[in-house]
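Participant: The primary structure of each chain is shown beneath.
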Amino acid sequence: MKIGFIGGTGNVGQCVLRNLVSYPEEQVSQVVCVNRRKANPEELPEDQSRMVEHVVDMSPGTDVEPLFADVLSDIDVLVGTIGIGSGK
Amino acid sequence: MEVELATAFARAGIEAGARKAVLLTSSGADINAKKSWLLSSVAGGLYFHLKGQVEKNFTDLGFEQGTHIFRPAGLLGTQHVPGIVDTLMPALDWLAPARWRSIHIEKLGFAMAAVALRSEDSSASVIYQGEELFDLLPGKRWQKN
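Chains as they are written, first to last, in my numbering: chain F, 1 to 88; chain E, 1 to 145.
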């Protein structure tokens, strides 16, 4: 299963991501993380072998849908943990 | 703005083949929420309205295996919550209705991942809050240990 993920650097997102990559490869082949900034090492799970991170410009006024489309392909499940917060 | 980001992500995802969506919102999410004397701050009615709007936008896309919406109340274990609150809240949770009980983010992460990987035979959207959320946890416990 290939998972598209937005919000993986947030408090809850980090926990979900860590859980997802702890499943065996037969269940989770890859997690495609879309972030507005590069994740800090401490925000990422230890095992990053099945995750790929894409930094996308999400600044106001940007047409983000084509940017998301560029990095998402053959996705099975979407996970969204993006908050209405600071966007740091 | 996060409403637009999340919605654009959902649209791009469904175009990329996604059959299911798992979404974090909040207890109290309600597209019809309005500012009130009780919830007069920006974090009041508007917040719940925006969370409800994201839910509607995802649901309207019609994922083949549904949109699975998580609506936790208080989140324990974040850097935004002082340690004393993390300690006290679980002790007081029994006083609150289930939908307003706190949950540790590790438990929430476990539940969301499990639902993401579970196979579904319905396109109906599902909301997990209160008892429905705690039922996903081993031993139905909402605290960390």
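Some clues are possibly wrong.
Unchecked claim - With a straight-line cut-off of 35 Å between C-alpha atoms, the simulated DSBU-like cross-links for lysine-lysine are:
no., chain 1, residue 1, chain 2, residue 2
1, F, LYS38, E, LYS56
2, E, LYS56, E, LYS34
3, F, LYS2, E, LYS56
Simulated from the structure, these hints should not be mistaken for laboratory data.
Participant: Compare the distance between the alpha carbons of LYS56(E) and LYS34(E) with 35 Å, and conclude whether the hinted pair is satisfied.
Facilitator: holds (16 Å)
Participant: Sort out whether LYS56(E) lies within 35 Å of LYS38(F), counting only the CA atoms.
Facilitator: holds (29 Å)
Participant: Hinted pair, alpha-carbon criterion (35 Å max): LYS2(F), LYS56(E). Please report holds or violated.
Facilitator: The given pair, whose Cα atoms are some 24 Å apart, holds under the 35 Å limit.
Checked against the numbered hints above, the structure violates none of them.
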